[in-house]
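S.K.: Sequence:
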Amino acid sequence: MSVADILYYLRCLFPSINVNSEGPDGYKLVFSTGIQHKETGFGLGLYEWEGGLTISVDFGNSLDQYGEVKEDCEGKADLFAKDVLELLNIFIPNDEVRFYHPAAVVRPTNSKSPYYSTYARHVGARDGDYENAGKFQKKWRPISANHGLDKICLDDQPTNTPFYRLLCLWKIPDTPPVKSSGFTVGVWSVTLGLNDDENAKVTFHDHYGLSAVKVSKEFEDDEKLKEEFCALVEFLLSGVGPHPYDGLVAGSVA
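Under my numbering, the first residue of the sequence shown carries the number 41, and numbering increases by one thereafter.
Honestly, the hints are just simulated from the structure, not real lab data.
Among the hints, a few may not be true.
[To be verified] DSS-like mimics (lysine-lysine), calculated; alpha carbons at most 25 Å apart, straight line: (1) K266 to K178; (2) K68 to K110; (3) K211 to K68; (4) K122 to K110; (5) K264 to K178; (6) K257 to K178; (7) K257 to K219; (8) K178 to K122; (9) K178 to K211; (10) K78 to K110; (11) K68 to K178.
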C-alpha cells in the first residue's frame with residue numbers, strides 16, 4: 041500500500057488531524073502527523089520518509105533514565121503497543137478489509153486504480169517529470185481556502201494520490217476537511233492560486249471519497265487559463281508525478 045493511501049485513510053479516521061507539510065523542501069520527508077492514545081496519553085508519530093511510512097512513539101515521562109519503560113508503566117505500554125499494532129494492521133492490503141469514509145462511503149483499502157505503480161523503484165520518475173513539476177510550482181502557489189468557487193467532480197478518480205502529490209509539489213499550510221450542513225463530506229482540501237492572475241483560484245478536495253475541484257469564474261471564459269487548469273489536473277492524476285526524493289513516483293508503492 042502506498043503512503044498516499046495511508047495518509048488518506050488516516051484523514052478518514054481523524055478528519056481534523058493536523059498534517060505538517062514540508063513540500064519539496066522536505067526532500068525525503070514530505071509530511072508528518074501524529075495522534076495521541078486516549079487511554080495512556082502516549083503519542084504516535086507518523087511521517088513519510090523516502091516515499092514510505094515511518095512511525096515514532098512518545099512515552100512522555102514513563103521512561104526511566106536509561107530510556108526503558110518504568111516498571112509501574114509497563115501495563116500502559118503493553119496496551120499502547122497492542123492498539124498501535126491494531127491501527128497499523130488496517131494499512132496492510134487485504135481483500136476482506138473495507139474502510140469507511142466519514143460520509144458513510146465504503147472504500148476498499150486495496151485500490152486497483154491505474155494511477156498506482158508497484159514498480160516505482162525500478163521505473164521511477166524521469167528528469168522530464170521533475171522539469172514538468174517545476175513548471176507547475178512556478179505557476180501556482182498555495183493560498184487560503186476560498187469557498188465561493190464552482191465545483192467540478194472528477195468522476196471515478198482517486199482522491200488519495202492527488203492529495204499526496206500536492207503535498208510533494210508545495211509546502212501547504214492548511215488542508216482542512218470539507219463540511220456540508222455540519223457533516224464531513226471530504227477529508228482534505230487544498231487551494232491554489234495562479235501566479236499570473238491573482239483572482240484565478242482552484243480548490244482540489246475529497247468529495248465522498250472521490251476527487252473534486254472548485255474553480256473561480258476566471259476560468260470560465262479564458263482559454264489560456266483553462267489550458268493551465270487542465271494541465272495541472274492531468275499531471276496530478278497521471279502516473280508520472282514525481283516525489284522530491286531520488287526519482288520515486290509520488291503515490292506509488294515504495
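S.K.: Give a verdict on every hint.
M.R.: Verification of the supplied hints:
1. Only pairs whose Cα atoms come within 25 Å are accepted, and K266 paired with K178 is accepted, the gap being roughly 17 Å.
2. Pair hint K68 plus K110 does not hold up; C-alpha atoms about 34 Å apart against a cutoff of 25 Å.
3. For the proposed pair K211 and K68, the alpha carbon gap of about 13 Å is at most 25 Å, so the pair holds.
4. As the CA atoms of K122 and K110 are separated by approximately 18 Å, the hinted pair is consistent with the 25 Å bound.
5. Straight-line distance between C-alpha atoms of K264 and K178 comes to about 16 Å, which keeps the hinted pair within the 25 Å bound.
6. Only pairs whose Cα atoms come within 25 Å are accepted, and K257 paired with K178 is accepted, the gap being roughly 22 Å.
7. For the hint pairing K257 with K219, the CA-to-CA distance comes to about 22 Å; that is within 25 Å, so the pair holds.
8. For the suggested pair K178 and K122, the alpha carbons sit about 46 Å apart, so the restraint of at most 25 Å is broken.
9. Taking the CA atoms of K178 and K211, the gap is about 13 Å. The hint holds against a cut of 25 Å.
10. Of the supplied pair hints, the one linking K78 and K110 holds, its CA atoms being roughly 19 Å apart against a limit of 25 Å.
11. For the given pair, K68 sits about 21 Å from K178 by alpha-carbon distance, which is consistent with the 25 Å threshold.
Violation of the numbered hints given earlier is confined to hints 2, 8; the remaining hints are satisfied by the structure.
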